[in-house]
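Novice: Throw the hints in and build the complete structure from the sequences for me.
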Amino acid sequence: MSDAKRVLVAEDSSVIINLTKNVLSFENFSITAVKNGQQVLDKLEKEDFDLILMDINMPVMDGVACTKAIRKLPDPVKSKIPIIAITGNYKNFTLDDFKKAGLDDYVQKPLDYDLLLVTVKKHIYK
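Numbered by the working numbering, the letters in the sequence shown go through residues 1 to 126 in order.
A portion of the hints provided could be inaccurate.
Said to hold, decoys possible - Lysine-lysine pairs mimicking DSS-like chemistry, simulated, CA-CA at most 27 Å apart:
{"hint": "1", "residue 1": "K43", "residue 2": "K78"}
{"hint": "2", "residue 1": "K72", "residue 2": "K122"}
{"hint": "3", "residue 1": "K121", "residue 2": "K68"}
{"hint": "4", "residue 1": "K43", "residue 2": "K5"}
Rather than coming from a laboratory, the hints here were simulated on the basis of the structure.
Predicted model, so just to flag it, every value in this text is computed and none were measured.
Specialist: What follows is the structure in structure tokens.
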């Protein structure tokens, strides 16, 4: 069996973190969770991930600012990691807005966990 793919979940809601962990762990993904964008950057300094699920509205550093910072990282692998926005404010953004910010895709809240899983697999296994 291949090594579990590593997913970093950046989300300030413990409920969403726990549900996401349950869904993705069942599919043999290894999950690490943080509560804000600054913690994402701190984790990326020390660890490697295959994908990031990024809440757009978080304290300290929001998902868009964090994504822009990741895209500017000097590490060519980490700067290109697939990032999927998870947002309740999708009506305030278009997919084009997310792409301009450096996000690869988005899933709206309330999360449809079947769609989330399909979206994660689409970006990890491409």
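Novice: If a hint holds in the structure, say so; if it doesn't, say that too.
Specialist: Cross-check of the supplied hints:
Proposed proximity of K43 and K78 is supported: the alpha carbons are some 11 Å apart, at most 27 Å. The suggested pairing of K72 with K122 holds, with an alpha-carbon distance near 24 Å, which does not exceed 27 Å. Between K121 and K68, the direct Cα distance comes to roughly 23 Å. Compliance with the 27 Å bound is thereby established for this hinted pair. In summary, the hint linking K43 to K5 is supported, as the alpha carbons are separated by about 16 Å, within the 27 Å threshold.
Consistency note: the structure conflicts with none of the earlier hints.
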